[in-house]
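Between the sequences and the hints, there should be enough to build the whole structure, so can you do that?
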Amino acid sequence: MGFFSKLRKGLEKTKKSFIQNIETVVRGYAKIDDEMYEDLEAVMLTSDIGVETTDYLLGKIREGVKSKEIRDGNDVVPYLEKCVVELLEENAEPMPDRTGTTEVIFIVGVNGVGKTTTIGKLAKYYTQQGKKVMLAAGDTFRAAASEQLTIWAERNDVPIVKHQEGADAAAVVFDATASAKARGIDVLLVDTAGRLHTKSNLMEELRKMARVAGRNIDGAPHETLLVLDATTGQNAVSQAKLFGDVVPLTGVVLTKLDGTAKGGIILSIKRELGVPVRWVGVGEGADDLRPFDAAQFADALFDKNVTQREQEED
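First residue of the sequence shown: 1, per the UniProt record's numbering; consecutive thereafter.
Hints are not guaranteed to be accurate.
Claimed, not checked - Each computed BS3-like pair below joins lysine-lysine, with the alpha-carbon atoms no more than 30 Å apart:
1. K124 <-> K241
2. K60 <-> K304
3. K9 <-> K31
In case anyone wonders, no lab produced these hints; they're calculated from the structure.
Pasting the structure below:
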């Protein structure tokens, strides 16, 4: 099964709780009125899209009615699809090509969201793209974090830089960036601690790690990606806001989209944070993490261009 097919299958629960319920609402109204807007609002809120994003989408639908792009209930879902794509593509510049230098990517997130697994999957993706990859075990606080990362390094046959548990995370980053630069590594993936309950300590640690990385490699870290678990719904948005206060985020990795009816959380993340979703995960397999494509996501969610998408994957 290709990635689009997995994404489409993974979004089935979201489709039922969100899109199909909206279709049911709009079919029940001969004309667009306040009662229909109230029903649409109820569907969106129960789909865990959040208050702010619900208000945004309802506002867009009102604009569509005013501009006559929406003339009756049948026009609502196609118009909503257009709004979803526009929202997800807004300010979402493609990941820059940093060929010729070592790209340093910090991976952040609370403990338990699958940070280590995400790093392992990213390592596999980049190696399949012909990149030389290295891992850095910067989470020196959590017991067994470096051992888990070592397993992924061995699976992907990539080098790893680690120190003993409790060591200075910035020292790990210093050694890793120096080694990556010397060895001509294309992508350095840095694990970080996820203990948000000591927010001020985490902030200082991440700042120190960033300063040290920048000493060895210009512009590092080039990306700081936040890993979020889609099954947590609005809690994921809360986590993202907390991390956004701690460190400047350049993107989000949204995992476990296949196990939830809360896939609409992707809209809340983009709307409320303004941070692009860079990667999405739809399964446990090492190949089930891919760069995010807004149009592809919308096609999977709204069941559009399915044959064409699947043919492209063959």
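Under the constraints set out in the numbered hints, which ones does this structure not fulfil? 3
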